[in-house]
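Those protein sequence lines, which keep their order, are chains A and B.
Using this note's numbering, you'd call the opening residue of the first sequence number 1 and step up by one each time.
Using this note's numbering, you'd call the opening residue of the second sequence number 1001 and step up by one each time.
Everything labelled a hint here was simulated from the structure, so no lab data went into it.
All residues carry an ideal CB built from backbone N, CA and C; glycine is no exception.
It cannot be assumed that every hint is accurate.
[To be verified] What the simulated footprint calls covered on chain A by chain B, stretch by stretch (three residues with Cβ under 8 Å from a Cβ of chain B suffice, anywhere in the stretch; the number is not a length):
#, segment
1, 51 to 63
2, 202 to 215
3, 221 to 232
4, 272 to 285
Here's the letter readout for the chains.
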Amino acid sequence: MTAPNILVLMACFWAFVVPSVAGLPDAASTPQKPAAASRDTSKFAGLSEAAGKAREENRDDDAIRLYREALKLEPAWKQGLWFLGILLYDKEQYPEVRDLMRRFVAEEPEAGAGWALLGMSEFQTREYPRALDHLQHARTLGLGDRKEMAQTLFYYVSVLLTRFEQYDDAMALLMGMRKSGSSGDLLTEPVGLAALRYPLLPAEIPPDRKEMFRMAGQAALADEAQKPDEAERLLLAMTTTYPNEPGVHFLYGVFLLNIRPADGIKELERELEAAPYNLTAKLRLADEYLKEQQFDEALRLAQEVVGVEPDNASGFLVLGETLVAKGDLNRGIEALETSRKLRPATVRTHWDLLRAYTSAGRVEDAKREKEEIEKLRRPDTP
Amino acid sequence: MLATALLLLSVSFANPAVADAPPASFESIAKEADQARQADRLSDAIDLYSKAVRLRPAWAEGWWWLGSIFYEQDRFSEAEKPFKRFIVLSPKPAPAYAFLALCEYETQDYSRALLHFQLWAKAGSPGNDALLDVATYRWALLLTREGRFNEALLLLAAKAQKLGATPSLTEAIGLSSLRMAFLPEDYPQERREAAWLAGMAAFYCLKSDFPRSDEFAGRLLRHYGQEPNVHYFRGTLLRLQQKLDPAAEEFQKELQISPRHAPALTELAASRVEAGRPAEALTPARRAVALDPKSARAHYILGWALLETGSYQESAHELEIAKGLAPESSRVRFALSNAYKRLARQQDYKREHAAFLALKDKDNVLAPLEDKLRAPRGTGRPE
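With these hints in hand, go ahead and build the complete structure from the sequences.
Structural data, given as structure tokens:
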């Protein structure tokens, strides 16, 4: 990811991204505080005009100096904050950009690009929780129809989601980027990290396992591109080269479940040998045993998951499904209700409960679940 | 910025001491400022509060809100002055110490931030849960940066018990656990995985989920076992599980990598005393004291080992040094009282035993933060 490209776009599309100030001439009509002396007003007008001219003529150092001087006179001058921010970002002066953008978004809270530049600066100063917060806010506000800019934003958001252990959300975003045309090379390591569920940034990958993450990323991208043979070749090579690393057998196993379930189960079992507390793998295996009607195995694994993590909604979901499948309707309903309480917005849980209540003759409860499903499926449901 | 709004808390304001006669427009400007703030027109509110405090510099409430709004907007350098003014003017300034410290953390004025966190704690750590969480977290980060790892871990462990294994907390715990004197923002990126694995291992150990802790610790050792502090950390985890001999082995492995690692020597000695072999503890304990003569824990462990081997006079001497370095430690007082008892120094025994009884409930709780953290850096204390 190189910063300058996106900044050129940001600068060029000032008018699009910050519509409320887009029509402002550089200086002449910028409101002055009533107390400001007319000499200062005139000086500010001169400085701001000169700054804009220097920027347009690519005399960046002059422009930076002039913007700084103008902002001393008018600290809330939005265009000045913005353009000084992007000029300094280009010069990798990230702490100063961050501070400028904090002032900018305070003045212009609906400017998605301002939040994006703030978040990108915070990414560079390694204030990751804030960066993710602000980049997500930029995403919510939108950046207009600037595709390249959005792709850059999505990239930063996705790698931060992985670092904050939100792997599924990161993967969904990365695959969306791939479908939108982002380069596979750019996405390989981020996808590999999310797929293997390591909370690291690409820059934090240990050198001795760089290849492992690249293989995982390439395989996941190949699978997404409907190239299963290539994906399997890569996954097999990865599990052979890194047989003891947590995550590798899980990834291969999940892939195999779709094409050769028995082999997939074996890989997931290998994963649990390498990483007995990979609860995601344990749960996926339980789910598969349930599909294969190996209820005792499914039950054992699901019980292990909820035993270790009593707030694991997916664990209670699979546990409930297994108990119901085994004919233990009461305990099954109890587990499903726990899952619903922990994570109310999962449609699958409500379907399970609908069926279980119906089997138990609890008509009113079944009706309520049906209503809940309809509610969750409405497009305006968050 | 989006989350910090939660931190803003109302404080009770005493009537400000108004030195000069209120200018005619102050009341209306202050009222407008409050209205702007309540309507979330924060830029207007900043302008209005600024005008109001210019008109009436002793208006503590105005300074408070001005600082709070800047803080909410992550404009930390601008928030510092209002909080400082509020502290001077308000009869109850304590919450502002925490906010000022948080601002100073962000502006990298770390020594002042530490000082103000201490003042906040001394006043009883007032504030809502959100402030308590963020302030103790940042404070712990600074303690880690200062090399006061165990004090940091004390704070972080309490947060982890409350909030669970959040990514930020586990990273912070990992840094302290591996004795990396850095902030999360500035440690070498190639150490990230090690910090994460250590943080997870420590977190599950705190939760007494030892198998899970062992899995993360195993991964840490597999990839980073040749780096300093990793075996030391593993040893501390094993000691917490009362696996004393395996712990001692890990401390010895650490000493092969870092021969002058005073904490590893200290903990090796402690493991041997705990395992009922105090004579074997004497050599590493003496080396630890020689390497780090300001470490209260090193003196304490040596004193304890000497006590267990019958060298009461020398034990009392070491424990007196430990007491001087960490007067609030109940463990030191307990051991010292026993040494005096063996030496038939009845008055001294009674005094130290009474001190032990007074202090004993303060070792494992956050309540006496100011006691635990009062001493300046370098004095050391039992950990």
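Report task. Given that the segment 202 to 215 of chain A was listed as covered by chain B, double-check it with a C-beta distance under 8 Å for 3 or more residues. Result -> holds (count 5)
Query raised in the report: According to a criterion of three or more residues whose C-beta lies within less than 8 Å of a C-beta of chain B, is the segment 272 to 285 of chain A covered?
Result: The restraint on the segment 272 to 285 of chain A holds, since 3 of its residues have a Cβ under 8 Å from chain B and three suffice.
Query raised in the report: Can the segment 221 to 232 of chain A be counted as covered by chain B under the rule of three residues or more with Cβ-Cβ separation shorter than 8 Å?
Result: Coverage by chain B is violated for the segment 221 to 232 of chain A (0 residues, Cβ < 8 Å).
Query raised in the report: Counting residues of the segment 51 to 63 of chain A whose CB is closer than 8 Å to a CB in chain B, do you get three or more?
Result: Contact hint for the segment 51 to 63 of chain A vs chain B: violated, 0 residues under 8 Å.
Hint check: violations occur at hints 1 and 3; the rest are consistent with the structure.
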